[in-house]
Structures are given as C-alpha cells and as structure tokens.
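**Student:** Please model the entire structure based on the sequences and the hints provided.
Protein sequences appear in the order of chains A and B.
Take 1 as the starting number for the first sequence in our numbering and just add one per residue.
Take 1 as the starting number for the second sequence in our numbering and just add one per residue.
Keep in mind that the hints were calculated from the coordinates and are not lab data.
From a predicted model like this one, the values you see are computed outputs, not experimental measurements.
Nothing false has been slipped in among the hints.
Since copy identity is lost for identical chains, a pair holds within one copy or between any two.
As a list, the in silico EDC-like pairs of lysine to aspartate or glutamate whose alpha-carbon atoms are at most 20 Å apart: (1) Lys344 x Asp319; (2) Lys344 x Glu310; (3) Lys106 x Glu190; (4) Lys196 x Glu113; (5) Lys273 x Glu310; (6) Lys273 x Glu410; (7) Lys266 x Asp360; (8) Lys234 x Asp256; (9) Lys209 x Asp45; (10) Lys106 x Glu365; (11) Lys158 x Glu390; (12) Lys106 x Glu390; (13) Lys209 x Glu49; (14) Lys170 x Glu28; (15) Lys181 x Asp229; (16) Lys409 x Asp348.
There are 2 protein chains.
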Amino acid sequence: MILAEIITIGDEILIGQVIDTNSAWMAEQLNLTGIRVNRITSISDTQEEIINALTEASQRADIVLMTGGLGPTNDDITKKTLAGYFNSTLVFNEETFENISRLFEKRGFRMNEANRLQACIPACCRPVTNPEGTAPGMWFEENGKIFISMPGVPFEMKAIMAGSVLPELKKRFNRDAIIHKTVLTQGVGESWIAEKIAGWEAQLPSFIKLAYLPQPGLVRLRLTATGSDIAVLKEQVDLEINKLLAIIPDIIFGYDAEKLEEIVGKLLVKSGKTLSIAESCTGGYISHLITSVPGSSAYFKGSVISYSNEIKLNELGVDSFLIDRYGAVSEEVVKAMADGIRYKYHTDYAIAVTGIAGPDGGTPEKPVGTVWIAVASEKNLITRVFQMGEHRMRNIHKSALSALNMLRKEMI
Amino acid sequence: MILAEIITIGDEILIGQVIDTNSAWMAEQLNLTGIRVNRITSISDTQEEIINALTEASQRADIVLMTGGLGPTNDDITKKTLAGYFNSTLVFNEETFENISRLFEKRGFRMNEANRLQACIPACCRPVTNPEGTAPGMWFEENGKIFISMPGVPFEMKAIMAGSVLPELKKRFNRDAIIHKTVLTQGVGESWIAEKIAGWEAQLPSFIKLAYLPQPGLVRLRLTATGSDIAVLKEQVDLEINKLLAIIPDIIFGYDAEKLEEIVGKLLVKSGKTLSIAESCTGGYISHLITSVPGSSAYFKGSVISYSNEIKLNELGVDSFLIDRYGAVSEEVVKAMADGIRYKYHTDYAIAVTGIAGPDGGTPEKPVGTVWIAVASEKNLITRVFQMGEHRMRNIHKSALSALNMLRKEMI
Numbered sequence: 001m002i003l004a005e006i007i008t009i010g011d012e013i014l015i016g017q018v019i020d021t022n023s024a025w026m027a028e029q030l031n032l033t034g035i036r037v038n039r040i041t042s043i044s045d046t047q048e049e050i051i052n053a054l055t056e057a058s059q060r061a062d063i064v065l066m067t068g069g070l071g072p073t074n075d076d077i078t079k080k081t082l083a084g085y086f087n088s089t090l091v092f093n094e095e096t097f098e099n100i101s102r103l104f105e106k107r108g109f110r111m112n113e114a115n116r117l118q119a120c121i122p123a124c125c126r127p128v129t130n131p132e133g134t135a136p137g138m139w140f141e142e143n144g145k146i147f148i149s150m151p152g153v154p155f156e157m158k159a160i161m162a163g164s165v166l167p168e169l170k171k172r173f174n175r176d177a178i179i180h181k182t183v184l185t186q187g188v189g190e191s192w193i194a195e196k197i198a199g200w201e202a203q204l205p206s207f208i209k210l211a212y213l214p215q216p217g218l219v220r221l222r223l224t225a226t227g228s229d230i231a232v233l234k235e236q237v238d239l240e241i242n243k244l245l246a247i248i249p250d251i252i253f254g255y256d257a258e259k260l261e262e263i264v265g266k267l268l269v270k271s272g273k274t275l276s277i278a279e280s281c282t283g284g285y286i287s288h289l290i291t292s293v294p295g296s297s298a299y300f301k302g303s304v305i306s307y308s309n310e311i312k313l314n315e316l317g318v319d320s321f322l323i324d325r326y327g328a329v330s331e332e333v334v335k336a337m338a339d340g341i342r343y344k345y346h347t348d349y350a351i352a353v354t355g356i357a358g359p360d361g362g363t364p365e366k367p368v369g370t371v372w373i374a375v376a377s378e379k380n381l382i383t384r385v386f387q388m389g390e391h392r393m394r395n396i397h398k399s400a401l402s403a404l405n406m407l408r409k410e411m412i
Numbered sequence: 001m002i003l004a005e006i007i008t009i010g011d012e013i014l015i016g017q018v019i020d021t022n023s024a025w026m027a028e029q030l031n032l033t034g035i036r037v038n039r040i041t042s043i044s045d046t047q048e049e050i051i052n053a054l055t056e057a058s059q060r061a062d063i064v065l066m067t068g069g070l071g072p073t074n075d076d077i078t079k080k081t082l083a084g085y086f087n088s089t090l091v092f093n094e095e096t097f098e099n100i101s102r103l104f105e106k107r108g109f110r111m112n113e114a115n116r117l118q119a120c121i122p123a124c125c126r127p128v129t130n131p132e133g134t135a136p137g138m139w140f141e142e143n144g145k146i147f148i149s150m151p152g153v154p155f156e157m158k159a160i161m162a163g164s165v166l167p168e169l170k171k172r173f174n175r176d177a178i179i180h181k182t183v184l185t186q187g188v189g190e191s192w193i194a195e196k197i198a199g200w201e202a203q204l205p206s207f208i209k210l211a212y213l214p215q216p217g218l219v220r221l222r223l224t225a226t227g228s229d230i231a232v233l234k235e236q237v238d239l240e241i242n243k244l245l246a247i248i249p250d251i252i253f254g255y256d257a258e259k260l261e262e263i264v265g266k267l268l269v270k271s272g273k274t275l276s277i278a279e280s281c282t283g284g285y286i287s288h289l290i291t292s293v294p295g296s297s298a299y300f301k302g303s304v305i306s307y308s309n310e311i312k313l314n315e316l317g318v319d320s321f322l323i324d325r326y327g328a329v330s331e332e333v334v335k336a337m338a339d340g341i342r343y344k345y346h347t348d349y350a351i352a353v354t355g356i357a358g359p360d361g362g363t364p365e366k367p368v369g370t371v372w373i374a375v376a377s378e379k380n381l382i383t384r385v386f387q388m389g390e391h392r393m394r395n396i397h398k399s400a401l402s403a404l405n406m407l408r409k410e411m412i
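**Tutor:** Given below as structure tokens:
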C-alpha cells in the first residue's frame, strides 16, 4: 500500500484563523487513487519546523504533499527552506514566469515585484503548472520518495492536484483494490442506528469495515472494503447495503457525496415539477441549498423570506387571524405559508418553515428550537413539528435538511 | 511559553470525509489563553498510531489535547489505548454514568448498552463533564505533562473546552503577553494590498508581525504582537492600525472575528433602519448571511428570491420591457429589482443582485460571473457590475460579500 502524508504550513491554521479544508479534499482524492493518507500535520512556517516535519514524514510515507507558505507576500519562507532541504538553490524559472505573466494578462492586472519573485524556485525541482494562481507547484524526488509543494489557496491547490499531481501519481503507482461506500441517513441519532443495525454489523465479512460519521442533522455510515478484486468488493458492498436498506429503509436518503438538495433537484427534473419556498426562521438557507445546485433554475422558481409577520400577511396571504390565534410558529400558519407560496408562485411543490431559531423568542409552550415545516403539493399538505435545540446555526441547518427530506419523501 | 499540541483521532479525517473544524477552534481558544499550538496532527484510530503520536507530542509540548475516537459505537479503541499508555485499566465511573443518565432523561431517549459502556474510563484519569453528550472528557497527568481526551463531535468538544478545560488551563499557567488583531478588507487582492502597504510593513517594530490571510472575496491582515506588557502591545498595535487606515481606508470594513453581516446589522440597529433583499443569482445566500445574526428580525423584514423571470415581473414589479431589451442581468433590471423590493416591503434600504452564477447561462457579452448589484435607499440608488469568475459557489459567496459591503458603505 502506497502511503502519503500531508503537511500544511502556516501559522494561520495553528492560531485557528483558518480551517484546514485542503487536507480533507486531498485525502479524499488520494484515497480514490488507492493511496492511503497516514497522517496530516499542521506546522508553522519556520525553517526548523518545516525541516523536522519533512524528515519525519519521509521516514513513514512514500509521498509527502505540502500546502501553504507560497503566497506572493513576504510572510513565507517555504521555498528557501525547501531549496536548503534538498541541497539546492533558488533560480529564476522561465516556464513559471510565463504562466504568471499569462495569468496577469488574462485578468488585466499589472504585475509587481512580489509576483516576479514567485517565478524563482529550487533548481532541483520540476515546476507544476498552477492554472489558477501565481504560486507554482513544485515536484521533488529524493531517495525514491516524492515531495510535492503547493500553494495553500484551496482552488489553486485543487487545480494543481486535479490537473497534474493526481494523474501523475495514478500513472506511477498501481492501485490497491479499496472501495468506500457511504450510506446517508437523516432524522435519527447514531446510538439509535447502532442498536437497530447491531445484528447486521456483526455479520459483516471481515474485509468490510463500518464507521459511523455523525454530523448535525445527519449520520453517515461508511463501508470500506479492501481486497484484490475490485468487482468482487463492489458486489459484496452492494449486497450488504441491500440488507441494510431492508432494516432502515425510512432514514436512508442517498449515498456517498450526494447532497439532499441534489437528490431533491434530480427528482424535480425527472418529474418535470417546480418548487417554491416560504422561509421564516431558516432565513433563506433552504433556498441557498437548492440554488447551490447547478441547473436549479430548471425547477426552482423562487422564494419569499417572510422574516416579519407583515410579509407573511401581505406576501404569502396568511390570515392575520391565524397569527393572532395560533402564533406565527404554528401548524396553521405553516400550512397557510406553504399554500400561499405555492399558489402565488404557481409551482407544483412548496416548502414552508416557521420556527424559533433563537437565542431569543422562546416561550414555555414554544421553546427556542420549535420548528414547523410543511410540504404542499397538488394533492397533499403535510406538516411536522420538530425540536431542533437551542443553537441558532445548527437549528437553521437541521431545519433545512429536515425540510428537504420531507420534500424528498413526498416525491418518491 | 506554554506549548500545546492537538491530535485528532479517526479515519474520517484521513480519508477526507470530514473536515477538521475542531482544531481551528481549539487553537484559537488556546491562543487567547496565551498557550501556543505548536502542531496539529491527524492520525487513524489504531493503537500503534495513537501511542506514537502521544509519545512524540509529549516530547515537544506541555499539553496534549486529543479529540475523536470516543463515540458510542464500536469503531473506537481510544479509551483502551489510553488506559494502556498510562499503565491503567478501564473502570466503571459513577459520576460519568450519572451524567449520561441525566442527558438521556432530559432528551426523553432510552439508554442502550453502548451508552452504558461509555461510563467506563481509565482508572488513572479524572473525568471532565460533557454537558452536551454521552462521551466524557478525560484529564490525565504524567511527568508534569497534561493530556486531555475529548469526543470529536464539535459542539460536545466545545462545551467541554469552554466549561472545564480552558478555565483550568488559565488558572494553571501564567499568560504570556501576546495579542492578535486582524484587519478585514474586501474588494481587492493580496498582491495589490502588499504593494500598497509595503512602506508601512517595512517600518513595523520588530515585535509586531504581519501575516496575509486571503479568503475568497476577502483578505485579512493579521498583526501579532508579543512582549511583556499587554497594555503597551495594544497601544502599539492600535497605533500601527491607525497608520494603515490612512493608507487603505476604503477597503477596510472591520476587525478580528467581525463579519460583514454583523457590521451591517449593527449599523441598521444603530440607525433604526430596515432592510429587504431581492436575490436572483445569489439564491438566498445574502438573506441567509443576514439572518445568521441573532436579533436580525429587528431590522430585516424579508426577501424575494426571484430565480425565474416570472417572479421578477410579478413579485418585484420589474417591467418586462426592461428584461426584453437589456436582459435579466443588467443595470436596468437590478435597479428595478432594488426599487421594487424596497417599495413593496416598505424598508429603508434594499439590496438587489442579478447575475450569472454558472456553469451555464453565459454569453460572449455577459460571461459566467457577470453580476450586477444595486443598493437602494430613500435618497440613492447605486449600482456596480462585477466579474466574479467562473466558479459557482465562489461567485455566489463573493457576490454576497460585495453586496453587503456596498450596503455598509452606503450607510456610513
């Protein structure tokens, strides 16, 4: 098995001002190439730390991928340290300079001295083109080990990885047969699932491993199978998932990297139906999820974010009597919102949400976290009430996922 | 200087299925306590990896914080390994069991065998109460070093850190005088800023360090000052920031963890004004940002997400002649949208956005990434056109930030 390590360089991660999203993406891509990531290390951008981390990683892994420490500004010493580590010196590289010039020309910007300096790289490395930015990737080899340095800006790193690094690594190393399949569930907790599927888990063949990956509002179940024949692995994993589907059919909504908003989008495209949304406490987040999917304009017509009661009355046609009698967070009002937006926006389906996101606005009868959700179609108007808890952002997030899952169930 | 290391345990990070958000939060909190995080390491949940990582970290740092590997399901071996590492055994802990029972009672759930097992912890550790979940925190001490193990679920880890770990560490160690202040800019790139402020950067006193932290749509400039007297450091940093404000006044919108949507919210509260939004290509994301701020119902009345032209005509009163003549992505239409929502929702300010988020819908005259933004008030109707690039999500994100910054500038 080919082992890789990832080293992220830069104080911004160590002082917590930046979340390391790069490593997760890189790890996933390497895994799909059959390369296992053994360790991810974040260090500061000092010469000593970089050299220590490189030395340690090269003793454990075949491939060492570095990100960060290559910006056009002068808080970066990575290149000098790399040149020293490989007993080399920094030299001006024509190919890299041309890439930087092209990029500036395309964007209509003027190059400055800092950008010109970016074309200097260690003499012993091969530059790897960065189609999205001015900091080049750099490919080193020493004692049979590969070292690749890339900038820390996520879309630049991704462009370098996808365009050059991953294809080259694939070509160089044989794949081990390893597959992952993740089952996505919504609506219940990890312990509930664990108890429900304990018997199924116990009978899994030894080459299939199960992991629970909880997230707010979701629990993902990841199956990992390793062996010699990828076709056999796929067949066995599918077989086990079919058994799982028989045990917990209601809570499984999709697989792997699928998102609820994508699944809902596909169902709408397939049926040729349209959607509108009336959001109160979720404040636009459901609409944002729906429109994050490319091509969503084919089925999504629009939304009303009715944050104030005035908008609920005037724009969604909610009867003021309902708000006075039952309150803005009630089954009666969420029904009126769903019917109102569906009628007004002329769509086949409508979602409506009204709730108390917090931290203020709760009462003894309707504490913070009380959320009413409705899904309306030509034939049905279904509602559910949830207790989403006291944390505003988690509350919004869970309400959005629950609403999308209610719509999904209504469509299948 | 007290040094800490963070170790995250679990394959989900190494195979890239989960982004490590915990470490950034922990690092930031530790930093504010005067404890420097020297290294962050992600390893898989095998006995060998855990023991190696613990051994290495304890040689470099005074405090080792671990997260992950403590869920109620059986993919976790952390506790057994920790017991072994400290030459101890797992024992049933009454205090931990009571905490778990209380939690289940509060949530109205039934305990199962997996939850009961969570009350077993190494005999040599002190349990640290987890107010948000069933996996306990564990505090070990050996040879003058502190080791703390916590669950990987973010809000559980945060509750343990904020409730117990950080206060105890503060009490135990003297603070070094270290302060960070981050200047937030919007609208220009890193290189542009670097060139513009090169003179200022060169004259910074040696105890103040500068770092550039670019993000899509933003560049943050972080100043870090270290010394013996915190009052002096604050004074000097403020002095330098005042100089910076004189050089780049237009692009600085705030400081530290402030968000544009919070700054806009505060300005609206202060002036007693209200806001409505008409979103096309941003699809609800601006409304989501605005409503992510607690208390936003005081100034935000609502939005129309006019994803289809039909909604622009019927709900925002845009003249169909304008769309026919100039196209839905045009200055004329964005103006009509802003005026339309402001008039209809009776607000003091309105934002409108129309653009081509991609990947489809571009034309030679209006390529993907073309975005028109308008801000309307009683006296003004200002518009700007942007080229946000070809990446859908970045495009949406940058458009939202640009719109909020236009509103901010209009209000100050």
